[in-house]
Amino acid sequence: DTEVTQTPKHLVMGMTNKKSLKCEQHMGHRAMYWYKQKAKKPPELMFVYSYEKLSINESVPSRFSPECPNSSLLNLHLHALQPEDSALYLCASSQADRGYTEAFFGQGTRLTVV
Amino acid sequence: GENVEQHPSTLSVQEGDSAVIKCTYSDSASNYFPWYKQELGKGPQLIIDIRSNVGEKKDQRIAVTLNKTAKHFSLHITETQPEDSAVYFCAARPMNTGFQKLVFGTGTRLLVSP
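As they're listed, the protein sequences go chains A and B. Residue numbering for the first sequence is 962 to 1075, as defined by this note's numbering. Residue numbering for the second sequence is -13 to 100, as defined by this note's numbering.
FYI, nobody ran anything at the bench for these hints, they're computed from the structure. Mixed in with the good hints there might be a few duds.
Simulated pairs of lysine to any residue, SDA-like, Cα-Cα distance not exceeding 20 Å [unchecked claim]: (1) 1001(A) to -9(B); (2) 1002(A) to 38(B); (3) 8(B) to 23(B).
Which residues of chain A face chain B? A partial, calculated answer using Cβ under 8 Å [as the list claims (entries may be wrong)]: (4) 992; (5) 1063; (6) 1067; (7) 1069.
A quick note: this is a predicted structure, and the numbers were derived from the prediction, not measured. Ideal placement from N, C-alpha and C gives every residue a C-beta, glycine not left out.
One chain only, chain A, in its complex shape (with noise of 0.2 Å):
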């Protein structure tokens, strides 16, 4: 099972809104990741969590917060965005204890923030 997998699918949010986006793994991954991808560009790293602790934060506005709760769940909380961060959320993971490593990606969750 080499699957990522995300929901929601699609998310339409306003801006006084909370919602949370969900990402679960069972490949025994231990590093997790969020990227965001606007439309016709490529992903760019947010969040690396490795052993369930925060690793890299790209610079990340705090109206984006990201939660490890164990090996095999990452979610990211969502509240009072903006329109701009209107775009396609991919969760990927991998393992974290080898020097090369694929990342598998899951499908994404489409939000639109109104």
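The hints should help you fit chain B onto chain A, whose structure is shown.
Just chain B, lined up with the frame of chain A:
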């Protein structure tokens, strides 16, 4: 930091032709170079990767070549099929940022016409 350039931005070929996508990177310490295929509405899918100690790798109709001296790598698709139509991203992993962070190229939209 690492910068990855990718060309061309769009590529149209006839079914059965070959397609070549080229990327250059700036950080000579980068040591891992994956290629991802992204179909409309889906997350990126790893199709092939190459490590810095290897010059070429093949997997059926797909091959990747790496020239460390020139700091460029290329994706070669032979006998293209309509289902190869997608956006292709190259990526590089800078060694100094650890194994987790991928820097993506800007993407190539490949269209294979029957």
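Subject >> Violated hints - listed by number, lowest first >> reply: 2
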